[in-house]
Amino acid sequence: DTAVSQTPKYLVTQMGNDKSIKCEQNLGHDTMYWYKQDSKKFLKIMFSYNNKELIINETVPNRFSPKSPDKAHLNLHINSLELGDSAVYFCASSRGAGHFYGYTFGSGTRLTVV
Amino acid sequence: GENVEQHPSTLSVQEGDSAVIKCTYSDSASNYFPWYKQELGKRPQLIIDIRSNVGEKKDQRIAVTLNKTAKHFSLHITETQPEDSAVYFCAASIRGSNFGNEKLTFGTGTRLTIIP
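Top to bottom, those sequences are chains A and B.
Sequential numbering of the first sequence, starting at 1, is according to our numbering.
Sequential numbering of the second sequence, starting at 1, is according to our numbering.
Quick caveat, the hints were computed from the structure, so don't treat them as lab data.
None of the values given here were measured: they were computed from a predicted structure.
Beta carbons: idealized from backbone N, C-alpha and C, even for Gly.
Do not rely on the hints blindly, as some may be mistaken.
Pair ranges (Cβ atoms, derived) [claimed, not checked]: (1) B:D59 with A:K40: 34 to 40 Å; (2) A:G28 with B:K57: 23 to 29 Å; (3) B:G16 with A:K67: 46 to 52 Å.
Construct the complete structure from the given sequences, taking the supplied hints into account.
Take a look at the structure:
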């Protein structure tokens, strides 16, 4: 079983469309994250959730809306997609509450906006 | 907030030689420093980490050193092999409260190429 799984792996869509990316972890971790990796490979945090509660919300446009229905799932919905949204989006999870040992990453979703 | 700088951005070494990647961090409260390896088209994977109460840690051919006073840490890979070719990221984190607000701030990555 994959520890952190993301779907879809590839997403090609036109500008202006709305799309969602899903993430699930079976590690029993408390905290989940979304990171964006741009074309220069820079990894930048977008959001984090701890036990379904939004904890970190970096300066991300309002078009991006995360949702965590339970602590094993964290989804990312993007409205009105723009060319600059093209990137690889990684979901990650970690043990929280003072037991931080870094992240386990999902396999990534390569989003291409045309 | 935390700022992590990483050097060099690219590094080529002959197979069998050693490779060293260096990072500096800005927040003296940072206390956890992992290194991730990302192969082409794959996810970043943790290869070694160090906490601020330790100066050095080794795992077979890889080692990490930490200088808290100077706020820098380094990754050392000895006897490099072709499969070591990848992008390597350093990161720094402050241990959060019980509210799970830990996060990693990543360096900009080093593309390591091992020349056979």
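Which earlier hints turn out false for this structure, listed by number in ascending order? 1
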